[in-house]
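Peer 1: Below are the chains, spelled out letter by letter.
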Amino acid sequence: MNHEQHTLLKKLLESYGPSGNEEKIRDIIREEIRDYVTEIRTDTMGNLIAIKKGSGKKVMIASHMDEIGVIITGIDEKGFLRFSNVGGVSPYVSLGQRVLFQDGTLGVIGMEDLENMKDLKLNKMYIDIGAETKEEAAKKVQIGDMACFYQPMAVLEKNIVSKGLDDRIGCFVAIEALKRIQSSTNELYFVFTVQEELGLRGARTAAYGLNPDLGIAIDVTSTGDTPKAKPMAVELGKGPAVKVMDKSVLCHPIVKKMMIDTANQNQIPYQLEVLEFGGTDSGAIHLTRSGVPSGVLSIPCRYIHTPSEMVSKNDVENAILLLTKILEKPISI
Amino acid sequence: MPLKLLKNLTEACGVSGNEDEVRNLLHDAIAPYVDEIQVDPMGNLIAVKKGKEGYPRILLAAHMDEVGFMVKSIDDNGFVKFVPIGGIDERILISKVVQIGKNKVPGVIGAKAIHLQEPDERKKTLKPNQLYIDIGAKSKEEGEKLVKRGDYISFSSEYVEYGDQLVKAKALDDRVGCAILAEILKGHYASTIIAAFTVQEEIGLRGAGVAAYRTDPDIAIVIEGTTCYDVADIKEPDYITQLGHGPALSILDAASYSDKHIRNRLSRIAEKNNIKFQFKQGTAGGNDAGRIHLTKSGIPTATVSVPCRYIHSPVSVMHKQDFQNCIRWIELFLESIQKEEWIYES
Amino acid sequence: MNLENFLIQLIEIPGISGFEQPVSAVIEDTWNNYVDQIKKDKLGNLIAYKKGNARNPIRIMLAAHMDEIGLIVKDIDEKGFVRFTNIGGIDERTLLAQEVIIHGKEDVFGIIGAKPPHLQSSEERKKTIKMQDLMIDTGYSKAEAQKRIAIGDPITIRRKSIQLQNNRIAGKSLDDRAGVAVIAECFKELEKIHHQCDVYGVATVQEEVGTRGAITSTFHIAPDIGIAIDVGFGATPELPKDETLELGKGPGLGFGPNIHPKIYERLVQTADDYNIPYQMDLVPEKSGTDAQVMQISRSGLATGLISIPLRYMHTSVETVQIKDIQNAGKLLAYFISSLDNENLEGFLCR
Numbered sequence: 000m001n002h003e004q005h006t007l008l009k010k011l012l013e014s015y016g017p018s019g020n021e022e023k024i025r026d027i028i029r030e031e032i033r034d035y036v037t038e039i040r041t042d043t044m045g046n047l048i049a050i051k052k053g054s055g056k057k058v059m060i061a062s063h064m065d066e067i068g069v070i071i072t073g074i075d076e077k078g079f080l081r082f083s084n085v086g087g088v089s090p091y092v093s094l095g096q097r098v099l100f101q102d103g104t105l106g107v108i109g110m111e112d113l114e115n116m117k118d119l120k121l122n123k124m125y126i127d128i129g130a131e132t133k134e135e136a137a138k139k140v141q142i143g144d145m146a147c148f149y150q151p152m153a154v155l156e157k158n159i160v161s162k163g164l165d166d167r168i169g170c171f172v173a174i175e176a177l178k179r180i181q182s183s184t185n186e187l188y189f190v191f192t193v194q195e196e197l198g199l200r201g202a203r204t205a206a207y208g209l210n211p212d213l214g215i216a217i218d219v220t221s222t223g224d225t226p227k228a229k230p231m232a233v234e235l236g237k238g239p240a241v242k243v244m245d246k247s248v249l250c251h252p253i254v255k256k257m258m259i260d261t262a263n264q265n266q267i268p269y270q271l272e273v274l275e276f277g278g279t280d281s282g283a284i285h286l287t288r289s290g291v292p293s294g295v296l297s298i299p300c301r302y303i304h305t306p307s308e309m310v311s312k313n314d315v316e317n318a319i320l321l322l323t324k325i326l327e328k329p330i331s332i
Numbered sequence: 000m001p002l003k004l005l006k007n008l009t010e011a012c013g014v015s016g017n018e019d020e021v022r023n024l025l026h027d028a029i030a031p032y033v034d035e036i037q038v039d040p041m042g043n044l045i046a047v048k049k050g051k052e053g054y055p056r057i058l059l060a061a062h063m064d065e066v067g068f069m070v071k072s073i074d075d076n077g078f079v080k081f082v083p084i085g086g087i088d089e090r091i092l093i094s095k096v097v098q099i100g101k102n103k104v105p106g107v108i109g110a111k112a113i114h115l116q117e118p119d120e121r122k123k124t125l126k127p128n129q130l131y132i133d134i135g136a137k138s139k140e141e142g143e144k145l146v147k148r149g150d151y152i153s154f155s156s157e158y159v160e161y162g163d164q165l166v167k168a169k170a171l172d173d174r175v176g177c178a179i180l181a182e183i184l185k186g187h188y189a190s191t192i193i194a195a196f197t198v199q200e201e202i203g204l205r206g207a208g209v210a211a212y213r214t215d216p217d218i219a220i221v222i223e224g225t226t227c228y229d230v231a232d233i234k235e236p237d238y239i240t241q242l243g244h245g246p247a248l249s250i251l252d253a254a255s256y257s258d259k260h261i262r263n264r265l266s267r268i269a270e271k272n273n274i275k276f277q278f279k280q281g282t283a284g285g286n287d288a289g290r291i292h293l294t295k296s297g298i299p300t301a302t303v304s305v306p307c308r309y310i311h312s313p314v315s316v317m318h319k320q321d322f323q324n325c326i327r328w329i330e331l332f333l334e335s336i337q338k339e340e341w342i343y344e345s
Numbered sequence: 000m001n002l003e004n005f006l007i008q009l010i011e012i013p014g015i016s017g018f019e020q021p022v023s024a025v026i027e028d029t030w031n032n033y034v035d036q037i038k039k040d041k042l043g044n045l046i047a048y049k050k051g052n053a054r055n056p057i058r059i060m061l062a063a064h065m066d067e068i069g070l071i072v073k074d075i076d077e078k079g080f081v082r083f084t085n086i087g088g089i090d091e092r093t094l095l096a097q098e099v100i101i102h103g104k105e106d107v108f109g110i111i112g113a114k115p116p117h118l119q120s121s122e123e124r125k126k127t128i129k130m131q132d133l134m135i136d137t138g139y140s141k142a143e144a145q146k147r148i149a150i151g152d153p154i155t156i157r158r159k160s161i162q163l164q165n166n167r168i169a170g171k172s173l174d175d176r177a178g179v180a181v182i183a184e185c186f187k188e189l190e191k192i193h194h195q196c197d198v199y200g201v202a203t204v205q206e207e208v209g210t211r212g213a214i215t216s217t218f219h220i221a222p223d224i225g226i227a228i229d230v231g232f233g234a235t236p237e238l239p240k241d242e243t244l245e246l247g248k249g250p251g252l253g254f255g256p257n258i259h260p261k262i263y264e265r266l267v268q269t270a271d272d273y274n275i276p277y278q279m280d281l282v283p284e285k286s287g288t289d290a291q292v293m294q295i296s297r298s299g300l301a302t303g304l305i306s307i308p309l310r311y312m313h314t315s316v317e318t319v320q321i322k323d324i325q326n327a328g329k330l331l332a333y334f335i336s337s338l339d340n341e342n343l344e345g346f347l348c349r
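Protein chains in written order, with numbering that gives the first Met the number 0: chain R, 0 to 332; chain C, 0 to 345; chain Y, 0 to 349.
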C-alpha cells in the first residue's frame, strides 16, 4: 500500500457509516472517483452509482458502504442510553467498546449486573456518553440516532485490522480497480450500496434501476483458519475467494468460471468459497427482474462484525488485480 | 364519522386472504371521494384521488387483514379443529368467542374446566392443535352443514368506547389505519393521493409490494396500528409506544429504515402545529413499508402508527386522541407538499 | 411419452439447486414434443411455450421446480475425506450410511461412513451426528481426490427408482420431478384439446433454496394466471389426517391466502366435470412453494396450487402414486381449455 492508498483506506474505515447513514462514506468515495468515471449520481435509496460508459455488456459491481452499528431506543433519567442492534451485533463483542455518533459524540458500552454472563443481551446493556441527566443526553443524542464502533485502523506486517472492513475493504477494492482499469468495452456500473447489513436492500433497488447483464459483489467472507473455527476451506492470505454459494446466492456458473479463468490466466492466487451462513449483495442482484447472472469476489476476513476485523494486505491487492482483469476483458454472456 | 367507520371495520371479519367484507365496507366509504378505484388480483383495494400537474404521487397504505384462524376439520362429535393465520399468542385462545365462515357461525374455544385439571396441567399453555371450537353441533354431519374445511375464522369482539377516551375492539391493527386513510381521502390536496388498502400483511407483508409496483408512487406513508406496552411493571423503552402520547413515528424496524426526509418533515410539522407525537422505540417487527420501499428502484417510505395495547388479541385498545392526531398530522403533511417536491428522476 | 418411464428417468438424474443442467436437458427433450418453443432463461429456468388460439390470449404459467435438495463439497481434508454441507432442507439423520455420487470432473462414488456402534458410547448413540462431523469416503487420497473433485461440486444420493405395490414409485427428487411430469402430461393432453390461452410451462430452478427461479421467471413471463405444481405431505400413520393428502386419491388443490379463490373454485369445478378425484390442500399461511412468490410478482397475479401427495419428503425414498400425477396433468389441461377471455374478469381482479 502506498501513502495515498493508506490515507484513503484509513478515511474509509474510520468514518461513520452505519446502515442508512452512509452519507460520509458516500462523500469520500464520490470525491475520490469522480474524475475517473463518465457519470456519477446518488439514487433515491442513497446508493452511489458511478458509471464508466462502454458499448459492451452492462456489469454491476457492488460493494456496500454501510457497516453494522447500534440504534438508540431510549434515554433514562440519568442520561444512560438504551440501544438495539443495526445488523448483526453480538452483545459479547460490544461489551466495553467505544461507539461513535454522527456528530462525533463518543460513548462506552456497559452492562447491568448479571449473575450469569449467558444472560447478556443488548437490552441488558447501555451506552454511557458522560451525560448526567436525560436533558443533557438529549442535547447530543436522540432516539433513533445510530452509532458505529470506534476503533482506529491498525496496519500489521501482513494484515490490516479495523472496524468496518466489512465492507469498506470491498469499496476500497472497487475504487482501486476503477482507477486502474485502462480500457474496457464493458459498460461498468460501480455501485456503492446502502443498507446491506439490514438485508441487501440498496443493491436490490439499484439493480432494478440499472438492469445490468451481470453482477459482481465485492464483500468480505469468513475463514476457517483460526483455532477450533467452524470448518471452512478459506484461509487468510491465500488469495481472494471466488464464492460458490452462501445463504443468499448460488453463484452463476458462467460468472464463477469467468472469475476462475481470469485468475488462472493472470496467475493470481484464489480460493473457492462455500459459506454456510450469511449473504451479500449478489443475493439481491441475481433475483432482480428476469434474473441477473451474478458472482461474488470475496476478501477473506477474520473476526467479522467485531471492532477488529482482519484482512490480509496481499489478499486485498490480489482482489484489486483480479477485479481489474475481470472487468477489462470483454464480457460475453 | 371516522369512529363510526372504525366501529364497522373492526366488527367486520377480514382474516388474511379473506378481506372481502372489509374491502366492501371501505369501497363504499371512499367511493364518493376518489377519482378511480380498482381491486387487483390479490385483493388490494387501490383508489386514486387526482391532484395537480407537477405535484408528487403519494401512496398512503393501510392493511385490511387481521390475524385469525382457518377450519382444518370437524371431528366426529361436531367440534371444529382449527389452525392459526398470522402471529397469535397461543395463551390468549382459551375461552374466547369466534365467528366462522361467511355466515358468521358463532363458536367458543373450549377447554377442560379448572376443577378437572391436574395442578401441572394448569401451568401449561395449550397449543392450537389441542384446542377446538364448539359451535354446538352434536355430530360431524351436523357440523359440516354449518362449517366447512377452509372457512376463515375471526375473533368476535364488539367495538366499545370506555374509560377516558379509549376504544376497545378487535383488529385495530390495522383497521385504525384503514379508517384514518378513508378519512384523509375526504380532503383536497395538490398532490395525487394513491390509497392502497392492502391484503395479507399479517402473513408476510404480501399485498403492499404489488400495490406499489402497480401504482409507481414517488413517496409512500404507511399508516399502522402498532404495539404499545406501557402497562404496569414495564419500563421505557420496552413500552415501544405509550397510549395517549400521540401517533408514533417509526425509525427502524426489522423490515425498513424510514426515509429521513419524510421523517424530518413529519416531525417538523408536528412540532410547528403542536401535534403530540412520539418516536416508536424498539426495532422488532415490520410492516408494509418493508415491501413498499424496496419496490422497483426504491420508494422513500415512512410509517406513522396509532399505539394499540394488546395488539393481535380480541381486545386491542387505542386512544381517540392519538387517532384524531394521526389524521390531522398526515393531512398537514399532505398540505405542506410543494410543487416539484419529492419527485425523483429515475 | 410414457409417463412412468419419463418420471423414472427424471428421478435418476442429478440436478441439485444451482446445478440443474443435467435434468433440464432431459425435460427439454420430452417437453419439446408438445410445445411451440422452448428456451432457457438467464438463471437456467426452462421455459416452454405452447400457443393458444385466441386473438389476444391471456397468459397462464405452470411452474414445477426441477431442482432437488442435495449436498455440496466444502473441503477435502488431509486424508482425502470430503467434507460437505447441504443445499436445501436436508434431514441429517438420513445421511448416515448412504451411497453418494460427487459430480466433479467425473462422477465419483463415495459413501457417508459412520463410527461403528461398538465404538460409540451409549450417550453418543442417542444423538444425531451433525453434518459438519460427517464425511464422504471416496477411497482416494487427497491428491487423487483433488484431481477429480473441487470445492463447490454438487453431490447427490445414489438412488435407483424403486417400484412399490399399487403403481407407487419411490426414489429421490420426486419433490418436484413429479410436478415436472404433471406439466408434461398436461402438454400432452393439450395436444388433443382446444385452448385459447398461451401456456408457459416452466421447470424452475433453485426452489429449494428460496423459490428463486420462480421469482425471475414469473417476472420475465408476466403471466395473468400462475399455477404451481409441487408435492404435498402424503398421509402416513404418525401424521394427522387433516394435515395430509392420501396417496392415490387425486391431486391436492391448494386453498388459502396464497391462492386466488376463483382459481380454486374453477379447479374444483373442472375436476367435478371430468370426474377426476381431488383433495383439498389447506394452505393457511404461506405455501412455501413457487406459488408463494408468483402471487406477488410485479402487480400481482391470480395463483393456484396443485399438490401431488408424497410421503417421506426430503429423503431419498420419497414415494408417490403415478395415477395422481396423471390425474393432475389431465385436470390442468381441462382447466386451461375451460378458460376463455370472456370469463376471466373475476380472476384478473377480485
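Please note that the accuracy of each hint is not assured.
To be verified - List time: in silico DSSO-like cross-link candidates among lysine-lysine, alpha-carbon distance up to 30 Å:
| id | chain 1 | residue 1 | chain 2 | residue 2 |
| --- | --- | --- | --- | --- |
| 1 | Y | Lys78 | C | Lys101 |
| 2 | Y | Lys187 | C | Lys80 |
| 3 | Y | Lys261 | C | Lys103 |
| 4 | R | Lys324 | Y | Lys129 |
| 5 | R | Lys229 | Y | Lys78 |
| 6 | R | Lys246 | R | Lys256 |
| 7 | C | Lys103 | R | Lys123 |
Hints were generated in silico from the structure; no laboratory data involved.
Peer 1: Next step is simple, just say for each hint if it's right about the structure.
Peer 2: Now the hints, each set against the structure:
1. Lys78/Y - Lys101/C: 66 Å, violated
2. Lys187/Y - Lys80/C: 41 Å, violated
3. Lys261/Y - Lys103/C: It holds: about 21 Å lies between the C-alpha atoms, which stays within 30 Å.
4. Lys324/R - Lys129/Y: Distance ~41 Å between lysine 324/R and lysine 129/Y Cα, so the pair is violated.
5. Lys229/R - Lys78/Y: Given pair lysine 229/R, lysine 78/Y holds - Cα atoms ~19 Å apart, limit 30 Å.
6. Lys246/R - Lys256/R: Between lysine 246/R and lysine 256/R the Cα gap is close to 20 Å, so the pair holds against 30 Å.
7. Lys103/C - Lys123/R: Between lysine 103/C and lysine 123/R the Cα gap is close to 46 Å, so the pair fails against 30 Å, i.e. violated.
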